[in-house]
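Put the complex together from the two separate chains, hints included.
Chain by chain, the residues:
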Amino acid sequence: MKIFSESHKTVFVVDHCPYMAESCRQHVEFDMLVKNRTQGIIPLAPISKSLWTCSVESSMEYCRIMYDIFPFRKLVNFIVSDSGAHVLNSWTQEDQNLQELMAALAAVGPPNPRADPECCSILHGLVAAVETLCKITEYQHEARTLLMENAERVGNRGRIICITNAKSDSHVRMLEDCVQETIHEHNKLAANSDHLMQIQKCELVLIHTYPVGEDSLVSDRSKKELSPVLTSEVHSVRAGRHLATKLNILVQQHFDLASTTITNIPMKPTFSVFDQEEQHANTSANYDVELLHHKDAHVDFLKSGDTHLGGSSREGSFKETITLKWCTPRTNNIELHYCTGAYRISPVDVNSRPSSCLTNFLLNDPRYKIDGSLEIPLERAKDQLEKHTRYWPMIISQTTIFNMQAVVPLASVIVKESLTEEDVLNCQKTIYNLVDMERKNDPLPISTVGTRGKGPKRDEQYRIMWNELETLVRAHINNSEKHQRVLECLMACRSKPPEEEERKKRGRKREDKEDKSEKAVKDYELEKTWQDLERLKGILERGKEELAEAEIIKDSPDSPEPPNKKPLVEMDETPPVEKSKGPVSLLTLWSNRINTANSRKHQEFAGRLNSVNNRAELYQHLKEENGMETTENGKASRQ
Amino acid sequence: MPTVVVMDVSLSMTRPVSVEGSEEYQRKHLAAHGLTMLFEHMATNYKLEFTALVVFSSLWELMVPFTRDYNTLQEALSNMDDYDKTCLESALVGVCNIVQQEWGGAIPCQVVLVTDGCLGIGRGSLRHSLATHNQRSESNRFPLPFPFPSKLYIMCMANLEELQSTDSLDCLERLIDLNNGEGQIFTIDGPLCLKNVQSMFGKLIDLAYTPFHAVLKCGHLTADVQVFPRPEPFVVDEEIDPIPKVINTDLEIVGFIDIADISSPPVLSRHLVLPIALNKEGDEVGTGITDDNEDENSANQIAGKIPNFCVLLHGSLKVEGMVAIVQLGPEWHGMLYSQADSKKKSNLMMSLFEPGPEPLPWLGKMGQLGPISDAKENPYGEDDNKSPFPLQPKNKRSYAQNVTVWIKPSGLQTDVQKILRNARKLPEKTQTFYKELNRLRKAALAFGFLDLLKGVADMLERECTLLPDTAHPDAAFQLTHAAQQLKLASTGTSEYAGYDHNITPLQTDFSGSSTERM
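Protein chains in written order, with the numbering used here: chain W, 499 to 1137; chain X, 11 to 528.
Hints were generated in silico from the structure; no laboratory data involved.
There could be a bad hint or two in this list.
[Unchecked claim] Cross-link-like lysine-lysine pairs, in silico, DSS-like; alpha carbons within 27 Å at most:
#1 X/Lys418 / W/Lys500
#2 W/Lys823 / X/Lys418
#3 W/Lys885 / X/Lys386
#4 X/Lys375 / W/Lys793
#5 W/Lys885 / W/Lys980
#6 W/Lys955 / W/Lys927
#7 X/Lys255 / W/Lys572
So here's chain X without its partners, still in its complex pose (with noise of 0.2 Å):
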């Protein structure tokens, strides 16, 4: 996910810290030296992550757009001028405007702010700011919450006692409450000094950016990988299942299924499979710098020229149009395909599914796909023409099963039209005919609508003397009979109103010579 980087460029950040040593460090400089570290961290792991540069102090400006080239991010750091006051929430409304106009609303982003804890004088200031935020229409909303899934890092270049001497760090926690509790202040440990900044923006480090790196399995076939951007835990039901789960480090695949079985189903997060050579035996997954970039390209030519299992898999998902599933946890899966970035380049990438037995219900139970071979007969037919899936689900949805609805008088209407369409067309019709009957019959006597019944009965018997002369014998009969039914049902006597009972049609033989049976 993108971060947005917001450095207070006001006076107070240029008040000078006492470091041993002759030279003399101002805050700025320290918190320089912070960014420094979290850009080279993100430089070395985090190549494909976006990161934008916002100064601020009564005025903000964006210095550096989102960008992967980390070499601008840092020379823009040595370029900062001195201004004058802190003004935070102007500068919370530009990150806003800055991230919703690159990403919209929908991708999360994280924003890193780096101040001294001096929160400004008067209006603008952050003091001023929280006193007024109740008093606000929806014009001048405030900041916070972000309106884009985020997280709001606070870099304080002061320790704890400083900020707990004034109310600043209270006005900071009150910020990250008001981003919906989404976020953390980081304070020096200890005097100001470079070593102790280092250690600060480390935390921020294991804390937000460490990489996420898994085992890829299939049976026996292995790769190491980075998956990118790092998957964040999830709560299933804050109720019943407060703690947030996160996603396995093996990832292990469960079988493959085709592209239009799984159909785009919905997902919480999709990522970055990367392959990636492990830093010789110690595989140091993090923390820090790593200083050893040469060793490590060396590593990674290297580990060119091995074959991986991920180019395998890409390759062949991509070739046969399908998914790899791969279970995240327990009951927790999520899909691996090929996702295609330009006409000639496309990457692995892997998709979360929602925690649970079925996450797609065309699917069925997770738990219950299984290989084709145990199939006894194969579900895709011989000829690869057909598909076991969308699975059917048990009972239908009212649109699949033609449920009787009268609350619009058209509804009602319109099935007793048909009835009439069909008592004109016997007896050529007397299936329909008698099946649109019982399906109002049944709906009548559920709805306790039994005046319906005698009315429809009325109406039978009136299109009995209608009919022509040219009309089959059998009409007359059959409209005589299902008018008398309904007549019978309509008395709501259990013995002729049972809803399972179905008014059948009557037995007539116009074959032979004998009419006068009735």
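So that you can see chain W by itself, here it is in the shape it has in the complex (with noise of 0.2 Å):
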């Protein structure tokens, strides 16, 4: 495969001279008559098109077809010649497509017949076809600059197709020497040069065209090599549909192309819009369309030995089409299939009903688009899934915030590179939500499997909650001050101070009412610290277990937390009131019975007696143990 081959320069030269305005001599009815029409009415007479008109459709049909399959890397010259020569384009992308050639072409218009013919030669259009080779293109260009030091691999090749009226066989030898000559002197010229390239190989494709019913003054002679850089070919072709049928293999054999004949292609209600204008709109008959295409996209088939030859297709032109037939798919499932290859196409003819039902029905594709693209660059989408994996927890059992819908709105916008106040906004509110369910003791989708028993208690959820949510908030604060703040929340939310503030007031009241409460109510209190003290011992153990496997539990400096401690607070923050309101589980209404019954009988504490103030401190032992806790947090000198 070669980008810079022959076929990335093609320059047309199409002769403009008097004589081209001559007529092919083929006849054209442009006066059907239609059904229904007034009966006597004399159809206006037959036109022809000139050699000119000829010449020019054919060799636009050439590039129609190139441009459609490749839109890029192929580029036509189109060069007129007459008194001198006006070359319509140039080699850039911009100036390679059909509207810009017949713009041109229109400009240029039909030959004057009347002009001299002395003064016109085909020869100033092939000098400045040889000039024009030498010109660089861009893709040339971009390539020299990307390989720097080995620029000279970037080949310089072209292909002259020239479409002219020839007087002999020695005037085409003219021609022939003229162009290597030119070939030669600009060679010269282009080593000289930075912005030039020597041409290392030409193509010379000289057609002889000439009126349907004259003897042709020029043989046929198949491709020879005039020298290492030229090498020529003469078609002697009539004029009318016989050259646009020449330049149709042509450009089949410069561009590697094959024909492929979709059969029958049923009539779809889609289609059928397309009918409307016609007479047989009812009429229901498959249809065929022939594509043209790259030949490598028959590799494949031929390789398989399953050719589906179609013989020679319906042009009766000699190229052979492999026919597929049409398959509607069953579903619209949406699939990947492999694929080995996707070609571009242009149909054989293309503004034939069946072409542009086939085409249509492809291009009308529901789907949405846009014009240009996104101009967003690919780093930008790697910079996305950076930021989107800095905590990315593999499997749902590993997480507990990525399982809460409630945690959404904050880790949805934290992964941001930027937040607006608004996203602060929201995640705030996402973190003052979750203290809310915490004081609510909302349960958590904490997962239990692997775990013995019911997994962890609330309180314990909660933390792990809380860390991991610190894990996911830290992963970004970098990313700017406005992530920073949902950090500082987060750490205010969670840390202890302002809670301890508040549960010591709550406390306080509580301990007023205390005062005049009943004794059941101490009795259950006193039950309550005796569960906690068993739980504790839980927790102590389970929380070494937790700091071995979880590093999360440490990674919080602002908030030191002993793992037994915001349990503790946790069971605090629940009134006993509402909580004897609420669901008791069998276990304490046996226990509150049967302290209640014991506590009639067994001999009032020593520590109750004791008491100033009807008050005692209990289990001064914990003190010693764990610091000043216990009575920082108030609890044990409740009773």
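What follows is the structure, encoded as structure tokens:
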């Protein structure tokens, strides 16, 4: 595969001399009588195209097919030649389309039959063609710049397709000699220039065209090497559709094209729009469409030995076409299919009804399309992936926060590069909401897979959740100052001091109540404290395990919390009154009853007897073990 | 890619080799030893690949059809009989048949030919085959090049000196040339012994059977993977960039896209992406036989319990109906996707696109793809009911732009009739009438077909005279106006024949009483 092969640059040189204004002597009926017309009207006389018109429309058809299949990197330079050379476009990609060429041709107009034939020659065009082949294309330039010291690898080859009316074989020789001589000269010039390139290889395709019914004065000649740089071939072709067929064959040869005919395409309701104008709207015959494309598309077919060769195509030209049967997909399932190649196509008969039905069907994909591309470089996408994966638990049981709908507003924005004020507000709201949930003791979706029993207790669950959330937010604090603010909010809400204050207040109120409260309540409180103790032991043990396995516990420097602290806090937040209202476990009911019964039987505690103002500090040994905490949180001093 | 081992079992393979120690070895024993090593390597690193074993002398036989069971292959090695003379051509024909029958013509296949370099005598010998190579018809075509993408590795149970003493080496080199240079000859370095055979097969393994290990990355998530079969180097342009490109061992995911948007793109090759447990710190990739099978198994067992990114990725792609775009190298991308094997089983696979900035025209330049959140407006719409793809090309193709082609008379006749049909429905069809008229005018001017403009003008004038009494008065005005404009254009004078000039409808007003305005 070579990008800079001969087909990278094609120069069309079309004769614009007075002779080309001659009729091709092939008539076209254009005034077709339509049904239901008044009788007795004589249709207008048929008209015929000039040699020029035939040449131009055939070359435009060549370009159409080429541009369809190779919208890039295959370039055409169009030159018309009369008393001088008129170069109609340049090698730049913007100039490479049919509209530009058509407009330029219209500006040139048909040859003037009354011009002086002596002044006019195809030679002007051929010289200009060689000149233009030396000019560097933007693709060649780009490749040379990219290759730096290997710039010489970029080839400069090209093809000149010359359509003219030659006088004789020796006239053809003369044209060839002229091209060879010009190449020689221009290569010398190009050798000393930075913006010109020497021609390494040039394929000259001379097409002699003449009116139908005349004898050709020029004989066909297959490709011949005239010099190491120049090869030449001569085609003698009658004008009219013969010339068009010739150019169609050439474009296939030059660009390695092959033909496929799609057969049995049903006239679906989608197509019928195109029928309405026609008289035969109700015929629902299946139709066939012949397409051209790069012949690589057939490689696998030919290898498999299963050549669906349908013989020569309907055109009756020499090429062979492979027939494929249209297959309407049965489902609308979107799936990936294994695809070894995708090829651009061009319909052979572009504006025939079947062709336009097919192409319109394919183009009218209901999907939305936008012009231009999204101007976002792929690097931004990589950045985003980096941010999104900073904290990404791989399995569901490893995460709490990503199983919580309540966390979504924060988790979805915290990964952003920058946050708006609104985002920060939403994050804060999310955090407050979580605090609220904690206060209400809402259950958390913590996985119990792999743990014995019911898994961690509620307070423990919240601690895990807070830690995980903190890990997530911390992963992004360097994104912006606003991210930092989210973390601050999080730390403030989950840290102890403010809550402590609140609890103390509440605690005091409760004490007042307690003075008047019944003994049963006190008993209940006692029982609760006893339970707490049991739990405390468990937590202390579990905490050790957790410290080992979950590093996240430690990484909250602002709130160095011993594992036993939080549960205690939690416990306190639920007022006992509420608790007794709410669902009480059978164990609690039973213990309460037993305790109450027992309290009547046993002696008063020594502590209570020694109490000041009916208060005694219990479990003083804990105070020694855990520092000041037990007293600090004002718990044990209650009774 | 599948492998066919083609083993020479001619008598010359039974020639004894003087080896240290008491036991007597024949060349075929050395060959079997080398192949054992290859099979063991494949059993460890290429578990999923299929291998077949063919033996040949003057005839050939498929000993083991394509299988993943390396024990069967191993057993077959020890059950080989000795036969007559070497006849390589028929064996290669056999290989062609076996491979085409099993895999068709598109799957690349490696052929490992094990021989002693004695290439037979008389008809059917390689010398004879090569001498008659140019006199062949299509029906008895020489089997090389193989009719499928292939590599031919020739393992010689002989050293270089021995082969060079006859023309054997030249003949074997011809074989590789005939296979378009796809392949290589291996010979034994030094004396013929087990150790040197091992090192020869070691070289083959290094060249053709090293597993491709890579790290799959997506931001901070990573997984060690084996890409299977090994992605082959790719030449973009033999002239300007002749160095084959190889894919990165860091496969970085750059984004995700809907399957509907990427829509079955053409790919160079496709590969399984298998998570692997690396062997401890050494991470010994490739060479030789890994004799610590047990260790590896336990490593795999442990790996099975650790959450793996491949599993997460595969599951997500499957559920979301998306593919991941992966960077394979500079300006080279591929895609990762879930491919269903059967109803229950599916695999994570990777396909390689052709290298270049824009491998899939309907997605535009790869570098221009970016995160949705960067777009001012969600290109998929708030309800995910639209898509920015396929991108529209800047220049529409001919079939999408209503081009005018009059090469066949029917093309021209259709265009003229369209004008005529609309002319009869004036003034309702005024817009379409002028649109079609201008289209015809433009094409006629570009093709220098001025006679047509005159002809159509005449036709419109005739239509004017044929208007029924019931016709709207505007019809006559428009027809006359259009005919007149076409006539002017047909003079070719620049004033009226400008390509970009459009004939506009005549401004008439029949609403009031001003009919005499004209």
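Hint numbers not upheld by this structure, sorted from lowest to highest | 1
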